[in-house]
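Asker: As a plain string of letters, each chain reads:
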Amino acid sequence: MTRRIVLGPFNRVEGDLEVSLDIADGVVQSARVNSPLYRGFEQILQGKVPEDALVFVPRICGICSVAQSAAAANALAAAMGLTPPSNGRLAADLTLAAENLADHLTHFYLFFMPDFARIAYRDRPWFAATEARFKAQVGSAADQVLSARSDFMKVLGLLAGKWPHTLSLQPGGSSRPLQASEKIRLYRQLREFRGFCENTLFGDKLEVIAELDSEVALQRWLASHRDSSDFARFLAIAEDLQLHTLGRATDVFMSYGAYANEGEPWLARGVWDAKGLSPLDPGQISEDLSHAWYSEAEAPQSPAQGSTLPEIDKADAYSWCKAPRLAGRVVETGALARQLIAGHPLARDLVDSHGGNVRSRVVGRLLEVARVLIAMEGWAQALRPGEPYCVFGELPDEADSLGLIEAARGSLGHWLSIRRGRIHNYQIIAPTTWNFSPRDAAGNPGALEQALVGTVVNEGDNTMPSVQHIVRSFDPCMVCTVH
Amino acid sequence: MNLLWLQSGGCGGCTLSWLGSEMGPLFATLRDENIDILWHPSLSEASADEAQELLRKCAAGLQSLDILCIEGSLLRGPNGTGRFHLLAGTGIPTVDWVKQLAHRARHVVAVGTCAAFGGITAAGINPTDACGLQYEGEHKGGLLGTDFRDAIGLPVINIAGCPTHPDWVTETLIALARGQLKNEDVDALGRPRFYADHLVHQGCARNEYYEFKASAEHPTEQGCLMEHLGCKGTQAHADCNLRPWNGNGSCLSGGYACIRCTEPGFEEPGHPFASTPKVAGIPIGLPADMPKAWFVALAALSKSATPERVRENARADHVVRAPTVKGKGKS
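If you read the sequences in order, they're chains H and P. Residue numbering for the first sequence follows this note's numbering, beginning at 1 and increasing consecutively. Residue numbering for the second sequence follows this note's numbering, beginning at 1001 and increasing consecutively.
Looking at chain P on its own, in the form it has when it is part of the complex (with noise of 0.2 Å):
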């Protein structure tokens, strides 16, 4: 299988997170599930007349094209034109080159929140008119449109996330490269399942803060952040925390609250997004498939049950509390 990467409106940080992988090193990886990089913006020699050459042979379909991945929004603006990103050396608008590519290829890969669904450079007045590559944030349709299906009925996969962790690629890859990538293993935005079927809050090691709705009420506090600091790990689609990044990491483990940055929409949550907008005290943004009722009831039932050691530890910057050590007392 071979596979072309081409980057337009974001930050080129899914790339250089990919790079991270700590499956074993990704060129190694990568050779040995047989997968070829024809063309990499980052990671190539070829440049220039080089690699224009190349890409127009993938458009003509004079050079096969196995994996299409797509990292950054689709900029149709101005006005339609797509000038706000002419491929350089080729005056031809990035959102052209790729409508064109993806019929060519056999599968097309949306590389992070911004290919996926506009992201974080349709914030705002989205200023350059981008979308994603099938959505415009949770709507159908983007770039390609909603009818797009690549060479063996699959849509779009959009591997959301802003960034998106190395392993979420890989993986993605290495299925699609297998054949073992089908319609049922994403899910209703297109993400593949193996990670997006989690929810950031499973496995996330504030926990039993959680349990007991002792919140931290600034950054640095060990308590969970969901009633003050905005977090949305309940409702946010991604194994952020039993998948961890670089090494030990999550953006729980450092200290600031989940921003949802795998759905669509994330970078507009409507509120400041370090803090939790609430009702009559009770947070708008409820967990996953919670009836509101039941999370009232069982916040007020665990709040009045919290231990002294997680409410104190809770808002501190660490432990100053031990847990009890049994058959010795308090700690």
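One chain only, chain H, in its complex shape (with noise of 0.2 Å):
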């Protein structure tokens, strides 16, 4: 006997949710996931002068705003042929790490480990430390993290004047020259946030963690530092549950690169799947519209010539996300694939042994932390006051071009055509309209729906925590989703 269960609103996650599944025998069966909000920047955008694109587009998300900007600026850039001088570039990325970094905090502790301290776990050894620092609002971990996170966005504050939609990233560089003074300053918050992620998330250096080489020296290094550590809490919680048998989906991941570094991205662009690491062909990406509430072209388009004309009476239509497709596959994006492209040891061999599940997407973005930390402090000395921070230019009066960028969330894609001088079309892929998509043409669930298939649920409890887990580890952004 199948039964159908819709959850929704599904909170602690950016925007609106809902997920439908049909289980039977206590099993998922399927799933569907609805992004049931559509504001249409995409149709407000044409017409625009295409400068204009940096007022707007970091207005489609108030959590990944930076990332936006970002995208355009680089579409922008790419339009006029600029490329940033270095300080510019390095005080890009600075900006970008920092949202980056913020996110993954905020995603941790307010969103993710929340669903541990849900009654349903009142059994479990480990719940009453948990519900005493991780219940929703009123944990011990609430308060400090919102601390901690305030004190860090401090550096948006220096490097973009506030945050969320900021104005600062130009394609060019950035509007805000850091002066000697003030770089001595970003210098120290970033340290200081170094000490809230050593002292209370890590309780280790972050080169201890960043140098973690392996799902046997993750273990090892949990064996001694038990309670130590909000990451060694989440570690034992998953240990206990076996969250890595948990949520996996298509183990085919991409990334189009991350901090611009010279030249070549810092961390890796490219694809990984059973096979290992391949080039990624951005012109291989298509939307398919088939299950989504907007009339479709005969067959699934590049982004470069994309349309989003809702209709909403649409037959077989349940979401108002796309159906995004790299070759016609379904892949998954996010820290762990940046982190697997990028060739890091531990992300390598916790998807070599589990492919991607609740537990390695949430250490795949701790690490994250970890290592970009780090990373952002070397970016911060080496910036060169008295240096130009931005080159600027001409648009031209007809350009099509692309941004892509590496939002917290994943991969983020902007595809610009200008046509007299103004916006034509403005196309935008958010990570999670990767992760989140509905079924293709050929039926082919994405990404969280394959996840979901297969959990194990007691159906005399609606509030499932293992789908809430597996939902909220990929660390969606609904609002970015459906722009």
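It is worth saying that the hints were derived from the structure and are not from the lab. Just so you know, not all the hints are guaranteed correct.
Distance ranges between label pairs, derived from CB positions [to be verified]:
no.: 1; chain 1: P; residue 1: G1281; chain 2: H; residue 2: P279; range: 50 to 60 Å
no.: 2; chain 1: H; residue 1: L395; chain 2: P; residue 2: L1301; range: 28 to 38 Å
no.: 3; chain 1: H; residue 1: P279; chain 2: P; residue 2: E1308; range: 48 to 58 Å
no.: 4; chain 1: H; residue 1: Q284; chain 2: P; residue 2: A1322; range: 51 to 61 Å
no.: 5; chain 1: P; residue 1: Q1180; chain 2: H; residue 2: G195; range: 51 to 61 Å
Just so we're clear, the structure is a prediction, and the values are computed from it rather than from any experiment. For each residue, glycine too, the CB sits at the ideal point set by N, CA and C.
Two chains, two frames, a set of hints: combine them into the complex.
Answerer: Right, dumping it as structure tokens:
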């Protein structure tokens, strides 16, 4: 007997989310993910002056605001043929990295961990301590992390004027030229955040976390650090609940490559599957609209030619989310994919052993906190006050360009088409558009839809904690997903 | 006092901004003021059925509701159905939930320019027929209508801003919870006067450049952004340079123009955001309450009096000429 249940509002994600599950004998047989909010940014942008995208696109999302700015700035820079100077590149990377790390922190403490304080776990040996630490709003971690986060956000006050919704990221660099004393202040703010991460989040030096190189090394580290930090607490819970067996999706991973560096990105671009690493060709990206509430062309289109025209009564559609595919394949994107494709040995080992799952996604994110914060300290030191932070140019009347960046949640792309000096078409594919896509015309479910299949649930408990963990392990951002 | 928070046609950025409160950790502040979050989409444990149950009780009047906070525009489309946002799990348009809950709540707060006036989601062709709770742009009406008043006769409190400053939200909620927010405490657009009676210009670190009309021509330059780069800080109601953002920031200190994000209609300025529209070289948008003739006369006078130091620094991205040290001659 199959029974359908609808979970919504599925909260502690950014935006609104509805998940439908078909359950038989206590096991999820199939899942449908609905992104229920449509605003129409791609329609709003048509006809605007291209530079005005810098005002509109950050406002797609209050949690990935800088990421949206960065993608637009890159698309405009490509159209203008601009290359930011060293300071501009560093300032832009620092700004994006600060948002990404703040998002990882918000996700871990405020969105993800509170589910382990649910009453459903009252019989687990770790329950009392977890409830005291992570219970939503009242756990001891909540106020502690808000203080650390507010202090860390001063980095963005300094680099970007404010967060969210800055205009400091420009096609040619940054509008905010940090001077010598401000460079010192920036470095101090990063070191202060390192203090929180080392004392509270990890209970160890960032360098030690960044150098964990295998599942065995991670287990050995946990054995000597039990209860020493929030990371250790998570790993212990993950061990008890076997979270590495939960939420496996396609095991095809994608990253556009992150942080500009000189020439090649610091975290490499590519695609990872069972055969290993291969290059990414953005020309192979298309969007399938078969199960989304939009009018569709005869075949899936490249976003460069894509359209966004609502069709609310379309048969078979069940989401406002389009279904992006890479050469027809469903891919997963996010911090784990980024670290995996960048060649981090821990990410590689975790995926080799158990693929993408609830534990490896969370470990990927926290590993990234350690690695990126170390890198940020170096970038801050590399700023050269007195040298330019930005270059300027003219936009051509006609251009087709794209901006591909990595947001906290994964690969974010903007496809820009300019005609007669105005935006002719602007198409966006956000990380959660990939991860939470509906089925395509061939009936292939999206990554989360696949990850939920086979999940064992307690049918007497409609909170279904295992489903909660799987959904949130992707750190979904629904306002980016459908824009 | 309890508080219920719902999000619709916006980005969630006002919530994320609020979490950055520097008054002290936000949850502790609210607890200390006896403000209890019944439910917030980003912050509450209750999900799905648990959350629906609570919403139904509030809508039916079975659970008392003191403060209803709405973030994001209200989406009336397509064709008046509200189906651009059916609240997940409920199959009911969020606009219908909001209408029901607003009449049960003791106070109704629009958090951000979207919920107040329609905001960015109402830009361009306004694909979703987005509006604010009690305004559509600068016109009264919106989702709840001109005549809507809360239990004590207040209109919807419009904490406009894109995003809102964390303190604007916290201080408004505390004032409401203490019964200290009265009709005379909001301005003609329903915005709390404690921040809306100021102008972004007040406290701007570029004031010396403004005084002498020494203007930046490109982002990164230190000069005033009003003449060329679209800055509307002299017209925008907010205390952004008196009450800094994320430590010590503001749009102006970040190197970019004020785009008037606390005002209705900011999303469609009628010109590119980053350039100043002018007639005969004079910016069309004049400082608040300033007669045009005086502005033109003073601008001409101050331009002719601009010190070399100010003129040079205005076009540089760092101080190239320091102020003279008294008694030590020219720098």
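Asker: Quick check: does the Cβ-Cβ distance between Q284 (chain H) and A1322 (chain P) fall within 51 to 61 Å?
Answerer: Holds - the Cβ-Cβ distance for Q284 (chain H) and A1322 (chain P), about 56 Å, lies within 51 to 61 Å.
Asker: 48 to 58 Å was suggested as the range; check whether the CB atoms of P279 (chain H) and E1308 (chain P) agree with it.
Answerer: 55 Å, holds
Asker: Range hint 50 to 60 Å: satisfied by the CB atoms of G1281 (chain P) and P279 (chain H)?
Answerer: 53 Å, holds
Asker: Looking only at beta-carbon atoms, does the pair L395 (chain H), L1301 (chain P) fall within the given range of 28 to 38 Å?
Answerer: At 36 Å between Cβs, range holds.
Asker: I want to verify a distance hint. Is the separation of the beta carbons of Q1180 (chain P) and G195 (chain H) within 51 to 61 Å?
Answerer: Violated: the Cβ-Cβ distance is about 38 Å, outside 51 to 61 Å.
Comparing the model with each earlier hint shows a violation of hint 5 alone; every other hint is respected.
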